[in-house]
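**Student:** The listed protein sequences correspond, in order, to chains A and B. Residue 1 is where the first sequence starts when you use the numbering used here, and the numbers rise one by one after that. Residue 1 is where the second sequence starts when you use the numbering used here, and the numbers rise one by one after that.
Honestly, the hints are just simulated from the structure, not real lab data. Each hint should be verified, as a subset may be incorrect.
Beyond 10 Å from chain B on every Cβ pair, some chain A residues (computed) [to be verified]:
#1 Asp6
#2 Ala15
#3 Val25
#4 Lys42
#5 Gly65
#6 Ala80
#7 Leu85
Derived Cβ-Cβ restraints for the label pairs, each shown as a range [unchecked claim]:
#8 A:Val25 <-> B:Leu74: 29 to 35 Å
#9 B:Ala17 <-> A:Lys67: 36 to 42 Å
#10 B:Thr103 <-> A:Gly94: 23 to 29 Å
#11 A:Ile66 <-> B:Arg99: 50 to 56 Å
#12 A:Val25 <-> B:Leu243: 47 to 53 Å
#13 A:Ile86 <-> B:Leu243: 17 to 23 Å
#14 A:Asp6 <-> B:Pro123: 25 to 31 Å
The model shown is predicted, which means the values in this text are computed figures rather than measured ones. Built from N, CA and C at the ideal position, the CB exists for glycine as well.
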Amino acid sequence: MSFALDIVTIAAVSAGAFFFLAGTVGLLRFPDTLTRLHALTKADNLGLGLMVLGLLPRTESLRDGIKLICVWVIVLLAGATVSQLIAYAARREGSRQ
Amino acid sequence: MTFASMSFALALEIVLAAVVLTGAVWTVASRETLPAVAGFVAYGLLLSLVWVRLGAPDVALTEAAIGSGLTGALLVGAAARLRSGEEQIVMERPGMVLRVLATMLSTTVAAALAASVLLLPDPAPTLAPAAAENAVATSLGNPVTNVLMAFRAMDTMLEKIVLLLALIGVWSLTPDRFWGGRPGPRHHADPQGVLAFVARVLPPVGIIVGIYILWTSADHPGGAFQGGTILAAMWLLVMMAGLADTPPVSERRPRLLLLAGPMVFLIVGLGGLAFGDAFLAYPMAYAKLLILTIEFAMILTIAVTLGLLVAGPPERECGS
Chain A
1 MSFALDIVTI AAVSAGAFFF LAGTVGLLRF PDTLTRLHAL TKADNLGLGL
51 MVLGLLPRTE SLRDGIKLIC VWVIVLLAGA TVSQLIAYAA RREGSRQ
Chain B
1 MTFASMSFAL ALEIVLAAVV LTGAVWTVAS RETLPAVAGF VAYGLLLSLV
51 WVRLGAPDVA LTEAAIGSGL TGALLVGAAA RLRSGEEQIV MERPGMVLRV
101 LATMLSTTVA AALAASVLLL PDPAPTLAPA AAENAVATSL GNPVTNVLMA
151 FRAMDTMLEK IVLLLALIGV WSLTPDRFWG GRPGPRHHAD PQGVLAFVAR
201 VLPPVGIIVG IYILWTSADH PGGAFQGGTI LAAMWLLVMM AGLADTPPVS
251 ERRPRLLLLA GPMVFLIVGL GGLAFGDAFL AYPMAYAKLL ILTIEFAMIL
301 TIAVTLGLLV AGPPERECGS
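For reference, chain B alone in the conformation it holds in the complex (with noise of 0.2 Å):
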């Protein structure tokens, strides 16, 4: 690399570290909530292209697709409930105690992270030599993918429960005379409109993209986390545009997609601990077939969990 090459790679990175930094300072003094979700979304997609700079091309696409896309649609949704008391909110300040408590809390917790990052021993410490040199015992190419499905398979089983828990927290505010009801209001548009005909065209487009960021995981970047995003992306788009309904919470198909993901991963995890060495021990042999098994079982369950999440707890009953 020549030195003109590397400079212009210099200040393309200051630029960008410029712009990320005043996308977060704008959407924390916003202080409306529309015009602050907007920039958290513009924020998420910028920092995707850091971490590509960055050379970690998995974190990227996990940053747009679920930092900024999928958590961009649930602010959203928040921003437009909030909405009739918008005004109220805007107008009510807190007490001084309080603003001088929650300066005190957030420099603290940026002081940690400063102080943590920056006294770092260095080299820092890690475990990239260890993944490559085992990365045969899986024969997958991305070792990131090892790392998720394989090494460090237990955080992402727990991962997954705590998406569940999220999901049972949100059906938890749901009024009692709409238990077992439909989440989310009824979207309806117009059947010859332009909603309507991208909500026909995109989904078979959609849900081979995200099929195929799983299945390539294997050898490249992508995962069952972004492909499942953009499947619940697809699903999200023909309930909006009114096409098909969301499933009553009481259906049992659903739940058992929800639960396929953990279910399927426990069983082979148990699986390793009684004609294995351990819990989630794969033998050699079978460790790629047992590791797409468990990520095709994930990504219909975070397709429907992250569906589930942006349409909210149930508001109707089944029949309405």
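Just chain A, same shape as in the assembly (with noise of 0.2 Å):
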């Protein structure tokens, strides 16, 4: 059961850190405003999200489980509220030029 659970730990936290990568090359490598947030959201969502999945056979209480999910989907929430703004403000720099 434990080796089951490392597994899964294992690949989960694998899987999130090659996310946060991707996301971070595209952040560096993608031409313009839009194409970096899209890379981003990558590492926020998918990265964070597969990294707390792996960490919760880790965890010691329920308690504990319950808190790293709030963080994932706090997360979650700022990271989409952000990038639309920054969208916005990309869009609305973008057509005054």
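Since each chain comes alone in its own frame, lean on the hints to assemble the complex.
**Tutor:** And the structure:
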């Protein structure tokens, strides 16, 4: 049982790290604001989500697990909002030029 | 701990230290204001990871909330105000004498700091065992809260008064005609937009998290300052989304909230002088109750003070 949980942790955290890496590469390499935001959301949503999923078997109590999930949900909400606001600002600036 | 995991932890720490130092140098070297502010915020968040590695989660929370979050918001506001004069500031190079003096001053400060760290006696003097020994006096499990609220409560009280002085400093920049008016610009956001949506959804969650961080500080990392910063952030979010306006500085209610923390602290302190042994001496049986009372008054004061600090000096008349 604990072996299976270890596999879950290793697989999910590694996949999460991959999405963080991919998101960072996209942020540095993509040509404009909107595509960079798109890359960044992969790190926020999937990367952090997979990290949290991988860490869930490590938690000592249900409470800690719920806290981890709450962190992910709040980051999702904040990330999505900030991306929208930056995208609005980028579009406004683009149309002004 | 095996050798492999130890060297892995060491490698992690070296990478972390290198990234923090790079962030610091980049922030200082940056010629433009906004990138420098972004660098400072990232630097603060990384620094809080350093505090976690050093086993100081209370400091890490404060660094993330105040050092990075709130100071970041203050600096973004300052950068936005400086924007119109930015080109002039970048073009203007200070004279040779001034630059040499600035270099000498910062080198001396850095050398003095380095010397005082390197010359510390080994083992470094510590009051930690004394604090741990007397922890039973307050029936609180978190030694940091014990030190802040009981053993060195005087420092914490003065810190709250300093915060109030900082706000008076900001308010003193008000032009005469706006005195008594509302701080900062009136924010307008699309009422159906995403910012207004988050400003309605997030505050109930944030308020619970802020109060939880205060409540849990009795036995776990947390405290009134960290919790108060989260409450301030929720208030600022509501104001920036245009759902509520900043209160006029002449209004009585925010002023009472600004005074609540220091006043409760002072009253409890004087009570200690009248009924106990010394200023701020808590009777053992009521120590926890008194500390919680002070902390709840303080969290309100901290939230209102920090929110108004970010909002800035009054720049509109009451009606507008």
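**Student:** Evaluate each hint against the coordinates.
**Tutor:** Checked hints:
The Cβ of Asp6 of chain A sits about 15 Å from the closest Cβ of chain B, beyond the 10 Å cut-off, so the non-interface label holds. Non-interface call for Ala15 of chain A relative to chain B: holds, since the shortest CB-CB distance, roughly 20 Å, exceeds 10 Å. Once the 10 Å rule is applied to beta carbons, Val25 of chain A is consistent with being away from chain B; the minimum gap is 17 Å. For Lys42 of chain A, the shortest C-beta to C-beta distance to chain B comes to about 19 Å, beyond the 10 Å cut-off, and the non-interface label holds.
Distance to chain B confirms Gly65 of chain A as a non-interface residue, since its nearest Cβ pair spans about 16 Å, more than 10 Å. Consistency note on Ala80 of chain A: stated as away from chain B, yet its beta-carbon is not over 10 Å from all of that chain's, at 8 Å minimum. Residue-level check failed: Leu85 of chain A sits 6 Å from the nearest beta carbon of chain B, not beyond 10 Å. At about 33 Å, the beta-carbon gap between Val25 of chain A and Leu74 of chain B stays in the expected band of 29 to 35 Å.
Between Ala17 of chain B and Lys67 of chain A, the C-beta spacing of about 28 Å breaks the proposed range 36 to 42 Å. One distance hint, 23 to 29 Å for the beta-carbon pair Thr103 of chain B and Gly94 of chain A, is violated here, with the actual separation near 42 Å. Distance hint for Ile66 of chain A and Arg99 of chain B: a CB-CB separation of about 55 Å, consistent with the stated range 50 to 56 Å. At about 38 Å, the beta-carbon gap between Val25 of chain A and Leu243 of chain B misses the expected band of 47 to 53 Å.
The beta-carbon spacing between Ile86 of chain A and Leu243 of chain B, approximately 21 Å, falls within the hinted interval of 17 to 23 Å. At about 39 Å, the beta-carbon gap between Asp6 of chain A and Pro123 of chain B misses the expected band of 25 to 31 Å.
Figure legend: structure checked against the earlier numbered hints; hints not met, in rising order: 6, 7, 9, 10, 12, 14.
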